[in-house]
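Colleague: Letter by letter, the chains look like this.
Number of protein chains: 4
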Amino acid sequence: MKITLLQNTSLKTCAFAIRTCWQSHEKSDEGGQSDKDLIAKVGNKFKHGSTLEHLNYTFYIEGISRALLQELARHRIASLSVKSTRYTLKELKDENEFLVSSSKDSTRANKYLVFTDNPLVDKMSILALENLRLILQEKIPNDLAKYCLPESYKTSLTWTINARSLQNFLELRSSKSALWEIRALSFKIYNALPEDHKYLFEEKLTRDIMFEKNLED
Amino acid sequence: MKITLLQNTSLKTCAFAIRTCWQSHEKSDEGGQSDKDLIAKVGNKFKHGSTLEHLNYTFYIEGISRALLQELARHRIASLSVKSTRYTLKELKDENEFLVSSSKDSTRANKYLVFTDNPLVDKMSILALENLRLILQEKIPNDLAKYCLPESYKTSLTWTINARSLQNFLELRSSKSALWEIRALSFKIYNALPEDHKYLFEEKLTRDIMFEKNLED
Amino acid sequence: MKITLLQNTSLKTCAFAIRTCWQSHEKSDEGGQSDKDLIAKVGNKFKHGSTLEHLNYTFYIEGISRALLQELARHRIASLSVKSTRYTLKELKDENEFLVSSSKDSTRANKYLVFTDNPLVDKMSILALENLRLILQEKIPNDLAKYCLPESYKTSLTWTINARSLQNFLELRSSKSALWEIRALSFKIYNALPEDHKYLFEEKLTRDIMFEKNLED
Amino acid sequence: MKITLLQNTSLKTCAFAIRTCWQSHEKSDEGGQSDKDLIAKVGNKFKHGSTLEHLNYTFYIEGISRALLQELARHRIASLSVKSTRYTLKELKDENEFLVSSSKDSTRANKYLVFTDNPLVDKMSILALENLRLILQEKIPNDLAKYCLPESYKTSLTWTINARSLQNFLELRSSKSALWEIRALSFKIYNALPEDHKYLFEEKLTRDIMFEKNLED
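Residue numbers (our numbering), protein chains in the order written: chain A, 964 to 1180; chain B, 964 to 1180; chain C, 964 to 1180; chain D, 964 to 1180.
No distinction is drawn between identical chains; accordingly, a pair holds when it is met within one copy or between any pair of copies.
Calculated cross-link-like contacts (lysine-lysine; reagent style DSSO-like; alpha-carbon spacing at most 27 Å):
#	residue 1	residue 2
1	1004	1167
2	1139	1102
3	1117	1046
4	1010	1167
5	990	1046
6	1008	1139
7	1151	1161
8	975	1117
9	1161	975
10	1053	999
11	1102	1086
Quick caveat, the hints were computed from the structure, so don't treat them as lab data.
Can you make the complete structure from the sequences, with help from the hints?
Modeller: This is the structure we're talking about:
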């Protein structure tokens, strides 16, 4: 998976919003340490969560499975625009050869599938992918063909979420009880945040050095 | 698919809420014609959509595909509790025989899959299902095995939604451009509504006699 | 202030929703102790907050000030239908006499105003109320007259809120740092909950025996 | 009232999100006419309203009445940080002289009050303001004193709202049946939008040349 931060609101804007309550705009240091401390104090410590909603982030998330998408979409205080299987299965239809050769090179299948590193599961995903490719070549409409799509199929989305909702997401999804792929996503989302915003989310993460190290590989 | 209405707020409560604005509670006829007319006038005609939010419906939806679930979950002003593949794949693991016999009887596979009525697609779904069953019997954890699940796999959910959000759902999803299965769901949801609530949603539906007739079969 | 619970979803429905995830409906005891324990475990302890959203409550809240309404409306995951000053100021216009007699009986003014028990503030509220009454008798339209309304003016609303959002409300608004009137409201809302639902909210309240005792008087 | 746009998401980001669905990013003209047409087609014409949620605007709104704030806060898909009467009444306490002299100059009172241009209403607002000032000088706590505040009292807020919710706001609040002050706000918000974003909102406004002309004066 690949995460790209497309845009975000500045800390300065969030601090300005908070300073509205006390009319203390003249104390701002334009997103500097004083503003940062204020945001952490009011938004996190005092639990005035609504002040964190002024911070919006838009991420482009590529190469997650549709299995993960099922979980991601449950976070409803966020806006998702997702690659549509109804409109984009042509990508697979246009593949003219078997996606996996006899030499067991799964590079081409990996373009379409998230692998689990369990050989049996991945093999079954590839078989399902091949079957789907064949069906598409029979000119069966996408709205029918997509029913035999394996949930490992890769998708992409543009995701806009505010800091309050993102804190909730990171807390729940970095947990050791979360599905491995959404857990990986949560750390990668965190890593894609602007450096000076990370302090707002740091303590929401369930840290796990071995797990994070694997993500880097 | 099967839709069961588990509970709903009464029209009387919604009318009471509206009458709060004008303090005209004494004019209520306890959910009768006068209250019904008021709700339609204020909620629909005058576009005071928030008054319709007092009406909540909880449905138990059984036997839709996870392909449909992907779309359903995008309606974010609603609450979903969904059958979890992480916790319930045991149902499939416990099947000890091939789900489809040589005699092409797909009854047992139909317990797990939504069929599209396209023989080729359904065949591929069944193959993927069989592969998943075999994987589970190898004691591969659900969190890995679920990646080769076909999106035709059946799921169930309890869905709570208010009348305002449901109007939006029915308008978008009964459209002829909607995915066939969610379109069918939208008509079945409408049919499961209490009779005296249907008038609030009637005009949001894109009617299609042939399509609705097929749903009854 | 007076709080009336108009309707609520049953615990049984919430437990049914939760049991959807594990398909364990057969273990339900129809809203009994087993179901109650499950809701507390999944909704509170496991932080699957969305399961608590199936529980909706509709309250009729009478006699709070518009000062309090300003704060109440910030809780945005809730539906409000509020007595409209644009439509209902006629109630005051129809009063033909001074609302406070020379004998300092403020009973009639209390029909329209929330008193703070600070004599000076209450006196100024009454003066503002009298001035508003005079203005209305000059046939000045409500949309202009309402601008000199004191924030102590009483209002009423029908409020629908789910258990997740209500937990957040009670936690923030029963705090000792909350405005005294919304603090009183939070305890009264809690008291108006069905007895068998209170356990879900108990630990969100900042208890204060002296304060609660005063509410009873 | 004064409206300042503090920040907004670019059309380019919104178009990028939409192009995710069709994977047509290569057709973007970086927020140019092609992207603008796409946003209008998908977001407005096709009613895929969620795509407009990627566009967020943060406004600083100064000098509206608390009467208007009561209505503004009902638009719940938005984030508000409001000047707090609990924390900022000191501004009034620090005024050492009567705010209105015998010569009927209301300039100083206008710093604190929204005037309606009805002399009687404005006079009563000023009287209430004076009474509040006197109370504050008696060292009565803000949490009590604020109860006699007239609703004409000026407030300020930082308001973050997405394009979908803003369309709803402008449609409802530019209507001729809306309160005059929120109607004025809706046109001023529209005017404060970036020029190249206005086309998304244009048709939601109930135009009224005379009314808009007055706003300019």
